[in-house]
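Novice: So the chains spell out like this:
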Amino acid sequence: MDSLEQYGLLLGILIGTIGFVLSLFALASAIGKTRKESAKDVPATAGQLTRDPAWVRYHARYYGYALLFLSFDMEMAYMYPWAVVYKQVGVVALLDMGVFLAILFLGLLYGWSQGALRRQ
Amino acid sequence: MTTTIILLLLVFGVYLVAVLEAWISSGRFRLTTPILSGIALLGRESIVPRKPDRIFFEVAPVLLLLSAVLAATVIPLMPGLIITDLATGALFINAALVYVLVAMLMAGWGPDGAYAMVGGWRFLGQLIAYAMLIVMPITAVVMRAESLLTTQIVVSQDGLWNIFYQPLGFVLFFIAAMALAFLPPFDLPTATGELAGGVEAEYSGVRLAVFRLGRLTLIITLASATVVFYLGGWQGPWLPPWAWSGIKILAVTVTMLLAGRLMPRISETDLLAWCWKLGIPLALLNIFLVGILVLVIP
Amino acid sequence: MISGARLGKLSGLRRLVATAISRDLTTFVIPGPDIARAHGLDLAAAGLQIVASPRHASVLLVVGDIPLALHDAATVIYAQMVRPRALFILGTEIFSSLPDADIMSRLSQDGLIDGVQQLRTAFAEGAFRLDVADFDAPALQIRIEYTCSMHPEIALNEPGSCPKCGMTLIIRETQASTGRAHTKQKNVDVSVDEQMATGNEHNAHHHMSDAAKVEFTCPMHPEVVQDAPGSCPRCGMNLEPRETKTEHTHDHSQMNHDAAVQYTCPMHPEVVQDGPGSCPRCGMNLEPREITESETNEHSGMDHDSTDHSDMDHGDMAFMSMIDVTKNLPRSTDGLPMEWTEAPFGPFFPGLPGGLMLTLTLDGDTVADSKTQPLFENKELLPQVSPDIVNFIQQITRFGPLSPVAFQLLACQALENAAGLEISANVASARIGALEQERIANHLGWLALFAQQTGFNWLQRRAASLQLKFCLADMQQIATLAADIQSLIKRLGKTPLLKSRTVGIGKLASDSNLRGPVARASGVANDVRSTDKNYIALGFEAVSQTQGDAYARLQVRLAEIIHSLKLIQVSGAIERPTPADTGEISATGEASVETPRGMAHLELTLQKGQVIAARLETPSTYHLDLIKPLTEQQALADALVAIGSLDLSPWEVQSREIQT
Amino acid sequence: MTAQMFFIAFFGLAAVWFGIAVFRTYSMVRSALALLFSQTALGAMFLSMQAEFLGVLQIMMMATEMSIMAIFMVMFMMDPGGLSTMDMIHQKRLSLLAGIVSFLAAVGVAVFVDWGPVEMIAPDPAQQTIALGLELLGRSMLIFETAGITILTSMIAAISVAIQPVKQNTVPTITGSNHHEH
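Going line by line, the protein sequences match chains P, F, L and C.
Under our numbering, the residue at position 41 of the first sequence is numbered 41, and the numbers go up by one with no gaps.
Under our numbering, the residue at position 195 of the second sequence is numbered 195, and the numbers go up by one with no gaps.
Under our numbering, the residue at position 364 of the third sequence is numbered 364, and the numbers go up by one with no gaps.
Under our numbering, the residue at position 82 of the fourth sequence is numbered 82, and the numbers go up by one with no gaps.
In short, the hints are calculated from the structure, not lab data.
Hints should not be assumed to be uniformly reliable.
Some chain F residues judged to face chain C by a derived CB distance under 7 Å, without partners named [said to hold, decoys possible]: (1) T88; (2) N94; (3) V102; (4) F288.
Don't be surprised by glycine CBs; every beta carbon is placed ideally from N, CA and C.
The whole structure should be built from the sequences, with the hints applied where relevant.
Specialist: If you want it as structure tokens, here you go:
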């Protein structure tokens with residue numbers, strides 16, 4: 001099965017799953033419709049009605065970790081091809097990636113010392 | 001042909017996980033509970049919040065189910081039994097499972113509710129904690145297997161399973177896999193005690209059924225991925241290969257479900273701190289050790 | 001038949017669905033699963049599965065009597081449940097706002113079990129019906145008003161654009177029935193929190209008056225000037241706010257009047273004062289801070305932009321920059337001005353004690369502020385306390401549904417004190433046995449609620465089952481249960497992550513108005529039992545810790561469980577307190593008893609055998625206002641653990657003057 | 001050949017459509033996730049062009065990074081929910097001009113640069129990964145290491161800009177200093 005057929009099969013499974021979910025939805029709507037009643041569609045918050053939108057600026061406290069994560073995510077893109085050919089290339093690959101990972105580990109240590117790895 | 005077999009096995013696996021989870025959380029082993037609660041969910045109304053982001057609200061459960069099913073397509077259960085043996089199989093599992101995060105962000109932002117909002121963004125923090133601990137151990141596994149093909153990864157473990165070859169990588173991957181499937185003690189987005197159901201709270205009826213189906217499929221897929229990467233896939237003495245795969249996947253699923261019962265939920269601060277300050281250095285150490293082992297043992 | 005049925009004929013598929021729902025009864029418990037356990041109800045054994053959100057529930061289970069303050073909340077929960085839904089009431093009369101109960105039965109385990117049987121048949125036959133009526137109630141009505149998403153304090157009755165920042169207003173529904181001006185304190189600068197927001201409020205007020213005199217002009221045609229926002233008649237561009245000349249000078253002069261140096265708190269930069277002093281929020285002494293050059297000229301800068309508008313490229317000045325919009329917003333601990341939203345963790349939150357009316361102002365997932373309301377208003381008299389003694393005692397025990405024996409003992413001792421009666425030693429020790437049994441049951445109930453809140457599944461199921469078995473156990477059963485409880489406590493010592501979730505969280509310094517285990521965990525030895533001669537005879541010694549954080553409170557409660565087991569062994573008998581016959585006397589008596597949550601104190605005056613006045617002081621009243629300092633600037637998870645560790649009982653809050 | 005061409009065109013158009021959706025929505029999270037799905041469509045296009053490693057990598061990495069962009073957009077932009085439908089597009093003429101110029105430049109590069117002989121049959125996907133690995137460790141090891149250095153500089157720059165210096169210089173404990181006393 002060459003690669004294009006594999007991707008086609010993946011696309012088929014994707015569409016099949018969506019079809020399965022749509023059939024579940026059709027079955028559920030065949031059983032009955034949802035009745036519109038007052039205050040039924042207000043998000044349930046422990047018994048008190050809050051109708052204000054929750055879409056405000058969310059203060060995430062992990063942005064220190066997020067910034068470092070972006071860089072480590074980039075690094076990961078290089079690691080897979082390197083890992084595949086690692087045994088073939090031998091020690092040179094180890095040293096090469098060793099330098100690469102050491103550089104990035106330096107960035108992690110810098111972040112840690114500057115207090116990026118905490119709840120801001 | 002193999003696709004239908006594997007999809008049927010996946011459905012059976014999901015049913016088994018549902019039975020196990022009901023048994024572990026309520027203490028009563030009953031085979032019919034998942035079927036009954038599934039039909040009951042189909043029979044209940046499905047409410048859409050009043051001012052939602054309608055696309056996010058509808059797409060989130062479907063995307064969760066999709067990402068779990070697509071990740072299962074590259075899992076080999078037997079030497080010939082795999083849906084699509086992609087050349088970048090290990091990477092594809094990781095790529096499919098990232099969309100669990102996208103689904104949870106959509107489910108968090110969609111219903112415009114206070115608890116869902118906090119749950120959704122907390123799961124992004126959780127991803128920042130566990131994502132590196134999934135990628136780096138897989139890199140070490142690929143180093144030993146010299147290829148991204150999942151079948152090749154299983155074949156490369158025939159003498160010595162990866163759990164013994166790189167135990168540190170196994171521990172990190174197992175913890176990160178539980179965090180990815182937001183199983184307790186990592187159920188930060190759907191915490192019942194802290195966020196009254198969080199991301200899952202606003203879903204009801206058939207949408208909740210799809211959401212829970214997606215979550216169960218995610219658990220069985222992650223368990224089988226752990227088996228493929230670390231427990232030597234279908235390899236094992238005496239029993240036929242498919243039996244070994246089934247037993248190992250079942251064992252890993254039970255361990256994942258049981259491990260969460262015995263401790264309280266971890267706080268997001270500790271999860272991030274432990275993963276970044278301890279997890280990543282250990283993962284780099286694991287890569288380094290495997291690098292040396294691969295060169296030393298021909 | 002159930003009132004909340006779905007529309008449809010009970011045909012083949014729907015019949016299957018109805019039987020499936022009747023076998024999978026997901027339940028939302030009002031006022032809370034902890035109250036149901038305190039009444040000795042084992043919901044799992046009866047076949048009900050407790051869920052966290054009304055969206056997942058088919059049955060609304062109402063346990064015991066519900067105070068007036070919770071009727072609206074119960075109506076909201078019922079309205080938010082999905083059909084087919086049923087109302088199952090145990091041991092109380094239905095109240096007006098809910099529909100008529102589908103199943104009513106008495107408040108006991110067998111009452112629950114045959115109620116569940118009736119529910120199953122009701123769902124199997126009545127889940128789908130052809131005639132279905134919508135549910136509506138006054139508490140659910142809404143009123144439309146228009147607000148700006150960046151300045152929620154603006155509340156106009158007709159659409160337009162926000163006077164402060166010119167953005168088009170969005171529709172916002174508010175509660176119609178409560179009628180009180182629903183001014184949203186989204187960001188603190190407008191809230192009248194006196195000591196904190198002096199600087200801000202002055203600023204906001206000044207801003208508000210400033211808005212009244214704002215003019216709207218078109219960037220392309222400055223000669224077009226309007227009072228109301230809208231679009232320019234010449235070119236159709238939407239108009240922007242601009243302060244008129246006169247207003248500006250006054251504004252500038254007012255700025256100079258401020259001393260060049262302001263004092264601000266390093267931890268709470270939003271606290272700004274003219275004179276030195278200590279920060280009202282965290283007590284740290286304030287540091288001088290000159291008004292930075294940029295702030296002044298930025299102010300003038302904005303003014304500069306708005307005046308010579310015409311020659312600049314007209315495009316980019318159309319909207320207010322983020323700096324202007326967030327100038328008055330309070331800054332969080334990391335200096336970011338973020339919007340705070342109010343999220344209710346209100347009466348029926350699965351992780352907190354049932355009935356605790358709590359609203360947290362969240363800044364992301366950090367708690368910036370918290371507001372609680374007591375269940376019983378001071379002036380609103382309790383259900384008429386009838387004068388004769390037996391009814392009086394029965395009503396006093398209703399204050400503490402979680403610890404009825406303690407309140408009953410309190411009333412009996414007060415009566416005996418008034419009548420000057422002396423009770424025999426073995427009756428006293430039997431009463432001690434009953435009180436200690438209830439203390440152990442209460443602490444196990446608290447452990448189950450704490451486990452539910454922190455997601456500790458094993459402990460929740462183990463503690464809940466032990467609690468249910470323990471409160472009905474007689475002497476032999478207690479002996480066998482003691483071993484299970486010991487192994488539970490030993491197992492807790494070895495639980496990973498438990499310490500990291502509780503150590504250092506909710507720290508309380510030792511001060512006088514702490515009560516019960518919370519006091520003893522902070523080193524305050526405040527325990528009525530240590531001065532009671534019967535207890536000393538049984539060999540009682542108080543247990544205390546010093547750190548005063550959630551872990552210390554957990555340790556104190558576990559140690560108290562072990563110690564109470566020993567006390568029960570020594571006392572040898574358990575017998576619920578019954579009021580002695582005091583006959584026609586008129587005197588005053590007072591007593592205090594160490595309830596599981598702390599010292600409760602009752603004074604009552606009798607007149608010819610009738611109770612004419614009584615004053616009850618309960619421990620949770622003091623702990624309710626500890627919530628605010630405990631949760632200030634804490635992560636949501638830590639804040640909820642801190643609140644949970646106080647073991648509040650919202651029923652006994654508010655010391656009351658009970659006038660009969 | 002035609003099925004492959006169809007899918008390449010389909011996913012290319014989907015990427016462009018999602019790209020347009022990024023600017024048409026008022027809600028920040030919707031525009032961030034529209035960009036995410038535009039990158040996913042791009043990854044699917046790479047797959048349909050039989051560049052498997054590149055496609056799967058694009059699909060994976062873009063998802064996490066666009067989600068992080070989403071949280072930063074929600075944190076720092078006004079009215080992230082897009083409730084007040086404020087017109088976010090400004091400098092229309094300038095941006096239109098820039099768009100056209102960059103499109104022409106891209107087409108120019110695509111057409112006029114000599115890409116070398118056209119490979120009629122794409123190499124086997126596993127071979128592609130191995131070739132990429134050897135390339136990284138061979139000819140372009142310098143690029144690989146400079147990439148490492150640039151990632152390090154971006155880390156240091158981001159932290160020095162975004163993170164407030166720690167006031168009390170606590171020893172960096174494992175669980176951070178969140179339990180510090182007030």
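Novice: Work down the list of hints and note, for each, if the structure agrees.
Specialist: Hints, verified against the model:
1. T88: holds (5 Å)
2. N94: holds (6 Å)
3. V102: This interface hint holds because 6 Å falls under the 7 Å limit.
4. F288: Where the cut-off is 7 Å and the nearest Cβ of chain C is about 16 Å from F288 of chain F, the hint is violated.
Consistency with the previously given hints fails for number 4 only.
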